[in-house]
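Spelled out from the first residue to the last, the chains are:
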Amino acid sequence: MSNMDYIRNFSIIAHIDHGKSTLADRLIQHTGGCDARNFQDQILDNMDIERERGITIKSQAISLPYTARDGNTYNLNLIDTPGHVDFSYEVSRSLASCEGVLLLIDAAQGVQAQTLANLYLAMEHDLEIIPVINKIDLPSADVERVIEQIDSELGLDTDTHLKCSAKEGTGIEDILEAIVQRIPPPTGTPEAPLSALIFDAQYDSFRGTVIHCRIMDGVVQSGDIIRFMYGGATYKVEEVGHFLLSRQKRERLSAGEVGYIIAGVKTISDVRTGDTITLENRPCDKPLPGFKEVKPVVFASIYPIASDDYEDLAVALEKYKLNDASFVYEKDASVALGQGFRCGFLGLLHLDIVQERLEREYDQSLILSVPSVRFRLTLKDDTVLYVDNPSHYPPQMDIAKGEEPYIRAAMMMPERYLGAVMKLCQEKRGMNSSLSYPGPGRAELIYEMPLSEVIYDFYDRFKSVSQGYGSFDYELIDFRDSNLVLVDILVNGEKVDALSQIVHRDRARACGLQACERLKEEIPKQMFKIALQAAIGGEIIARTTISAFRKDVTAKCYGGDISRKRKLLEKQKKGKKRMKMIGNVSIPQSAFLAVLKSDTD
Amino acid sequence: MNLPGLYIHIPFCKTKCPYCHFYSTTDITSVDVVIASIVREMELYAGEFDTFDTIYIGGGTPSLLTVQQLDVILSGVHKHFLVPPDAEITIEVNPADGDLAWYRSLKDLGVNRLHLGVQSFSDQALTFLGRRHRADDAFAALDNTVRAGFDNFGLDLIYGIPGQDLQSWRKSLACAVSLSPPHLSAYQLAIEEDTPLCHSYRRGSFDIPDEDASLSFFLETSAYLERSGYHHYEVSNYAASTSRKSRHNQKYWDHTPYLGIGPGAHSFKEGKRWWNHRSIEGYLKDLALETTPVAGDETLSREELRLETLFMSLRTAAGIDLAAFRLKFGEDLPKERHAIIQSLVDRGFIVVNDERISPTTRGLAVADQLALIF
Ligand code: SF4
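Those protein sequences? They're chains P and B, same order as listed. The letter at position 194 of the first sequence is residue 193 when you use numbering that gives the first Met the number 0, and the numbering goes up by one with no holes. The letter at position 277 of the second sequence is residue 276 when you use numbering that gives the first Met the number 0, and the numbering goes up by one with no holes.
What the hints contain is simulated information worked out from the structure, not anything from laboratory work. Some hints could be false.
List of simulated lysine to aspartate or glutamate pairs, EDC-like, C-alpha gap at most 20 Å [claimed, not checked]:
(1) P/K555 / B/E210
(2) P/K524 / B/D211
(3) P/K564 / B/E297
(4) B/K78 / B/E42
(5) P/K294 / P/D351
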């Protein structure tokens, strides 16, 4: 089996919801990787959040033994990639481990923004591309149109496409056959010094970190001392093997193969996706290309709803972190919300997933602060600061220059939504746009926009103005000058630190006013008027007031009324206890949540 | 410690008023059985309570009872308990009921205080409230009261009725004052859950005053009656002189023990509160078995007692008795809560001296919230 001619390494790439996981499931089933029952238990259940959302955040690898029409048995290594733009680096590392891809296109929806983005990625890696039109069973399927798009929009040879319905299980055999015939076998030299590309790692509570890798050259086996070329650390290999339904121990992993290495690596954070593994005593010349330090781009603070739960949250984060190396966090504290953590995420979706996991799997009740990007500030004394936490924002007068990260956003949509989308992009400070028509009636729009606008509420609004037909992809480009200000929220003159935001001056008033209005809805009346203000430094930019209690006493309080009344007041009192005191004002948790939630909820 | 008070609940009404959440029924077939059981119930408590210096017969509509029926009840009281000669004995009277002879007989039975459910001097308002009587009946009832020789009596009035403005309310107040009752209760109409009024309110059939308007009514009532010589001694109660305050009701507000007899009545003694079945069947069934007809009870924790003390004291003009509070709860409020007290004084909600924290009129209007602050 070690003969590379009988190995194929491939990936499935697709726009979100185009049926990637369903196709993967079918391929597994068809190659007899397991029977239907195990399949349910073993594959589906471990990934419920991904399944529900139709997205994968971890790369999954599995070897499919397939006996082809030529009578030979091949090892088809499927490397399932994360399906979202937040994880494009992870995708690129997975693709670097493959020789070919199945480019999946929904027969009804046709080519979408991520179809293109993924295609470009695959092309960068010189991969063999097999276009597969999925969901041909749908009544709304328009196969002819998609074939047309494969030609005009993807620039691929239309003869190369395959058709299937992963849901119904049709066309699967042809796909497997095409993988064998069209995707080239891996190349590499088993005799050369070891170089293995890490494309993922998972945490196993018994074995520690399980490194997922593709062997480019050389051989690795248990007992070897390996070294991470960027990370620098060395480890002794305990076990290597292949991914079948579960890990299958093997004697060795050799050039061209995909598999795992267990080497006593304590935490997943010690393993960096994209790093090169080599042998300590016989290293390769240079690491494999393309390594990048993954940096978080979206930041938010997490606080437990009840401050007593801080320790639990700390434990939950530690556990969560074991399996998500791209998630970073450190201690943070807010006067208003108490002890918490400042966290960095690859994007908003990543943030969502982390939040959901913590709440669901670790049973935490959280308050999340307004997500922020990382700004670059140059002070008057020429020091350069990167600030993502409003509480670290320096005094405005010390700042010589503010800059914020920009992205290049690529959007595809039916032409009729173009006007609405352009309007939205301009409102979001989009610039340097370019427009092209990759196919009849279809527009591709490129804009450069501040990342902060996109993490705010862009995605939801984009979807709504394009009525769900628009697709969106982005990449970070650079930092650009921005007129930044810190907007503080004051409750009766007291600053509520957890509600401060760093925003572009043009958006400051709207953002301050919205925060005040939302607080007004949530903060109960008290004995005195409450002034809610948004301010930039000493300048008030928005305000509103909550009127005081005027009359609320019940008319009667005799023998039969007392218990009832006490219970009512006790309830209020309890509610009040759970509130945070800011100055002399009690603010319920719901008020924080209301301000912190994004615009469209 | 003050002597306990006795409350007797007569759970019958001729018609049901749509705003009312008191326990009463219009089925009067069981009146005599209930009365007998009331006496029975008193007997069961004879060991636990011995003397009452206030007796309050309320309801429901006790004025539906005949002199003989009332006699049975009051004789029962005297048989099982001691009642000092200067005890306050009150009965609630619906202005639609009773003639002069009936009023005179009350006097003979030893009743010395009447509480008249006038509610309004406007027929329109009385119709909205679903009352059986008209304004004229109210005048007649007052006439009977005076002619029967009662010098201690009070009127109930309701404000905040849809269609009523400050001016028409002031007229009602003027009307009441002109009859010089020694005691007045002025209640803002409350929309109680599960009443017909509540349902029609939810359907949007009418509007009630908002918070600002409620406050105007409240302040105007207080100012008007104070000008007319009444002392605003509790959120909804006014007395022409200290001796004319309802001695019975004050027991509720300072945790003096009281025994409630009759269906749905509540009792309190030594930190324990219990309440009777809110149904005639349940009530009669228990008593037939010679057991007290108690539906539930609670023993108040110190924290609960403290909260009750606060919200009930702050309903009264006298306010919190600081020495008593210190004694009961070990807290020196002015010392421990200095900042908040000062800010409430500054905002005009309370006044403080060495002995008491007393709500101002504005403070009374938000007494419940004040209680939550301490
Ligand atoms: S008469 Fe009094 S107790 Fe009877 S229904 Fe009317 S308000 Fe209620």
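Results for each hint:
1. P/K555 / B/E210: Between P/K555 and B/E210 the Cα gap is close to 17 Å, so the pair holds against 20 Å.
2. P/K524 / B/D211: Holds, at about 13 Å.
3. P/K564 / B/E297: Status holds; Cα separation ~14 Å.
4. B/K78 / B/E42: holds (9 Å)
5. P/K294 / P/D351: Holds - the C-alpha atoms of P/D351 and P/K294 are around 17 Å apart, at most 20 Å.
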